[in-house]
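Student: Heads up: the sequence shown begins at 21 in the working numbering, then just goes up one per residue.
Treat the hints as calculated values from the structure; they're not laboratory data. Heads up, a few of these hints could be off.
[Said to hold, decoys possible] Cut-off 27 Å, straight-line C-alpha distance, at most; resulting in silico cross-link-like pairs (DSSO-like, lysine-lysine):
{"hint": "1", "residue 1": "Lys85", "residue 2": "Lys161"}
{"hint": "2", "residue 1": "Lys105", "residue 2": "Lys169"}
{"hint": "3", "residue 1": "Lys85", "residue 2": "Lys146"}
{"hint": "4", "residue 1": "Lys146", "residue 2": "Lys105"}
{"hint": "5", "residue 1": "Lys52", "residue 2": "Lys119"}
{"hint": "6", "residue 1": "Lys169", "residue 2": "Lys146"}
{"hint": "7", "residue 1": "Lys146", "residue 2": "Lys52"}
{"hint": "8", "residue 1": "Lys52", "residue 2": "Lys169"}
{"hint": "9", "residue 1": "Lys161", "residue 2": "Lys52"}
{"hint": "10", "residue 1": "Lys161", "residue 2": "Lys105"}
{"hint": "11", "residue 1": "Lys119", "residue 2": "Lys146"}
{"hint": "12", "residue 1": "Lys119", "residue 2": "Lys105"}
{"hint": "13", "residue 1": "Lys85", "residue 2": "Lys52"}
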Amino acid sequence: MRYLLPFILFLSACGSLKKTKTPVMSEPDAPKAYIRQTETFDMGGDLFQIQQANIIGNQLYIIVKAHPILTATDFALSGSPNISKSLPPIRSIRLAVTKIPVKKGDSSVAMFEQTLVFDIRELAYKQEAGSEIYLQFEGAKERYLYTYK
Numbered sequence: 021m022r023y024l025l026p027f028i029l030f031l032s033a034c035g036s037l038k039k040t041k042t043p044v045m046s047e048p049d050a051p052k053a054y055i056r057q058t059e060t061f062d063m064g065g066d067l068f069q070i071q072q073a074n075i076i077g078n079q080l081y082i083i084v085k086a087h088p089i090l091t092a093t094d095f096a097l098s099g100s101p102n103i104s105k106s107l108p109p110i111r112s113i114r115l116a117v118t119k120i121p122v123k124k125g126d127s128s129v130a131m132f133e134q135t136l137v138f139d140i141r142e143l144a145y146k147q148e149a150g151s152e153i154y155l156q157f158e159g160a161k162e163r164y165l166y167t168y169k
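Build the full structure now, drawing on both the sequences and the hints.
Tutor: Shown next as structure tokens:
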């Protein structure tokens, strides 16, 4: 009986402890950018125009003017496996249309502005906090400094 009372108290104390889990802020589900292994041909380069790009955290926000049939899921962002040797290094990236829903050269239509969001963790130089790399769209002169978080 003497050992039973502490055991019961222990079990009741364990039962009353509740772990409170704080909700984790997760980044919205965005398509992931990837490293392309081979050069790809131009798919749909005249179906969209990049207007602006901005990096926030581990995500790249791209504002494009695109054909009205194209949706955000029709785009893919890829990075070159080759990195220039500078400080910080430079990786060339490409925004492409994964499928072409219209034929090139069809009647001209009004382009609509869309915002695309991509998870760019795969494009980091090293996947550790503070690692920096410049991302540069193919054919563009402007670079975007990405710091892995």
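Student: Tell me the numbers of any earlier hints that the structure contravenes, in ascending order.
Tutor: Violated: hints 3, 11, 12.
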